[in-house]
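Undergrad: Residue numbers (the numbering used here), protein chains in the order written: chain A, 45 to 286; chain B, 521 to 1008.
Simulated from the structure, these hints should not be mistaken for laboratory data.
From the three backbone atoms N, C-alpha and C, an ideal C-beta is built for every residue, glycine too.
Honestly, I wouldn't trust all of these hints.
[What the hints assert, rightly or not] Under 8 Å between C-beta atoms, here's a sample of chain B residues computed to sit facing chain A: (1) 876; (2) 880; (3) 908; (4) 911.
[Unchecked claim] No farther apart than 20 Å at their CA atoms in a straight line, the calculated lysine to aspartate or glutamate pairs in the DMTMM-like style are these: (5) 72/A to 271/A; (6) 170/A to 777/B; (7) 241/A to 271/A; (8) 170/A to 575/B; (9) 72/A to 217/A; (10) 159/A to 777/B; (11) 179/A to 973/B.
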Amino acid sequence: MPVLEAKNIVKEFGGLKALDRVSISVEKGDFFGFFGPNGAGKTTLIRILTGQLEPTSGSVSVLGIDAVKEPLRVKELIGIVPEVESPPSYLTGYEYLYFVGKVRRLANLEDRIDKWLSFFDLETKKGTICKDMSKGMRQKLMLASAFIHEPDVLFLDEPFINLDPIYQRTLREYLEEYIAKGGTVFMASHILEISEKLCNKLAIVNLGRVVAQGKIDELVGEGDNLERLFLRSVGVLLPRGE
Amino acid sequence: MRTKDLLMLMLKEEFRTHASYSGKHRFLSFPVFVFILSLGSGLTINKMLETITLEQFAVFAHLSAFMYGLSVGAFGLMGREYLERRYGRSNYLVAMPYLLPISFRTTFLGIYLRDAVFYMLLMLIPATLGLVGAAPFMHFSMVSIGLFFVAVLLAFLLGMSLSFLASVLYIRNLRAFVAFTAVIAALFLSQGVLNVPGLNALVPSLGFQMNVQPLGADPMTAVLYAAASLVAAAGMAALSYALVQVRINIVSQSYGDMLPAYHSRVHWLTGLNRALISKELVDLRRSGIIAKMFFAFVLPLLFLSITVWFVNYGLAIPVGFNSVFYAAMVGFIGVMMYNWLNNIDLAEYYSLLPVTVPQLIRVRILVFLLLTLGISTFFVVAISLLNGETELLWLALVVMFVTSLYMVIMTAYLTGLKTSSFLFDTSVLAKFSIMSFLPDVCLTILSFSLFADWTFAVVGIALVLGSLAVTTRILYRGIETKWLRTSF
């Protein structure tokens, strides 16, 4: 059974169709990349898959749970990193992780908090409240809050954004290890170079419709790369020879 | 960029912000609602004039416009929050000086002009048009309506300028802000208690109104009052413009980890509610919103207390302003505190966690009760002792508790976590008005008749409170169904 299955998802905002009959299937252990131009519907789909937004029509199942009918149960089992890093303004990094741990009723909370504060080097800014943090620090905190309960599935919307090259690498290594241990990742990103190294499956969306989907090895042929596949799929004409 | 172009953009932004919550059509129906209300008032003015005089009506209209201006300007207090939220989902033109070669003074002037134009179009013009609509039937003079509009507009601008100046002082220097608001509050209290200075001196637009038709005919005095109003409003606006900080420094402070201590302190709660409430308490402490809430809650209570005491003992008017009437008013005043709780911070991160909107609403109701019940009880006990009505204290406390609970749950049911925005939705506002006005009127009338017919009044109050308790329970349960599928 797929870990994540979306069938014929349609989402309309007013008269505008943001997603048009999108179907996606992700197996356990997959690192699934979801790509598309700005405004193509990537964030909208992630919000629907994670129970944050209801689709106009279609069905979503995450770990066998209906995400439309039981969004709370889905959120208990997954980790989400949103596109915009927005931790609560008046909590310190430690307090935010403490809060998330209490909401999720986690055992050994102090150990978990120490581990993730140390992992993202947030200990040095222990007394800083989130609204006074840099964007990079806030992004690290959002990542820590999504990883702290060791979820089975991670939904990441532009996880590498705002991270310096050191932490882009650290995060990439962590995600590779997470997949190796049996985790599943669904990631939207514009950073195709990193994504190509990480993903084994992908879907490309344009104007709300999936225009390419499958295993990355099959879609990106010999001598080809993800960037060219992406540009071809969304209808950008490549210069001769590229 | 020219101020005119910036103003047009800011007006569009303000309209779209409001429309994004309740929809364009519903928001646009708000001025229509005001027009209909004003038309109805105009058509039934003769009935109203049987109980109050035209002068009293003018005073009421002016003080309302002045308070409206004060509340519009008070949004300026949110300025710092808008600036600091620039990296969130919503970004506002006021934060543009961070990125573009525009000064904060220019955006500040833009906000002042935007609020003056936007809220005039939203309320004052539709209300005036309502009176114009009633004119052919009630034989109102168009000149009188025009003069009334000018006078009320001056009162509105005066309130708004005062509030903007207070906002600027709040951002620049907290002590200066406290001193300034204390002086203003003292002037109004002195006016209420000693009648010094005169109301015309505090709100000169009222002096203008009293000297033009249909209330007076002294054009020279009227012009002087109008000029005084304009000078005061423009002077305060200019002073705000001069004092506004060119660059707002967002000071980074170091904080100790407070959340675990708060979590231990609320040990009487369990699970999710315990985590949510301790976080809300930390937010309250660190955001500094407690000071704003104090002014929004305690000052009106003080004003009401002094009015009740003064009417009973200063003027010795036997209108029945007793502790039970006071307790009902306390319950109705407190509700805006719930709105403040919803304005502390953005709540979008909750959508990443296994938390629902109804769960957070219920926690905020609990925080509201924790914050207000102690203060409300203190005021009700104090006024009961001052009035020598300790025999009414038990009833007053029950009335205060039931009305407070009813008002906050009714508001939470109708507006969820976006109170200030939904109250601009006509259908929500109409429901809110009816659901707060009806019990308020019933309790006022019944409390006035307590000493005349004790049994009748107590039975009546018991019936009203019983109905409110049942409604409160139904609405509390309804919060789950109504807000479950809503996004944060």
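Undergrad: Decide, hint by hint, whether the structure agrees.
TA: How the hints compare with the structure:
1. 876: This hint holds: residue 876/B lies near chain A, its Cβ roughly 6 Å from the closest one there, short of 8 Å.
2. 880: violated (11 Å)
3. 908: The hint is violated - residue 908/B has no Cβ within 8 Å of chain A, the shortest such distance being about 45 Å.
4. 911: violated (45 Å)
5. 72/A to 271/A: It is violated: about 26 Å lies between the C-alpha atoms, which goes past 20 Å.
6. 170/A to 777/B: Cα-Cα ~8 Å, so holds.
7. 241/A to 271/A: holds (12 Å)
8. 170/A to 575/B: Violated. Residue 170/A to residue 575/B sits at ~62 Å, over the 20 Å cutoff.
9. 72/A to 217/A: holds (19 Å)
10. 159/A to 777/B: Holds. Residue 159/A to residue 777/B sits at ~17 Å (cutoff 20 Å).
11. 179/A to 973/B: Violated - the C-alpha atoms of residue 973/B and residue 179/A are around 67 Å apart, more than 20 Å.
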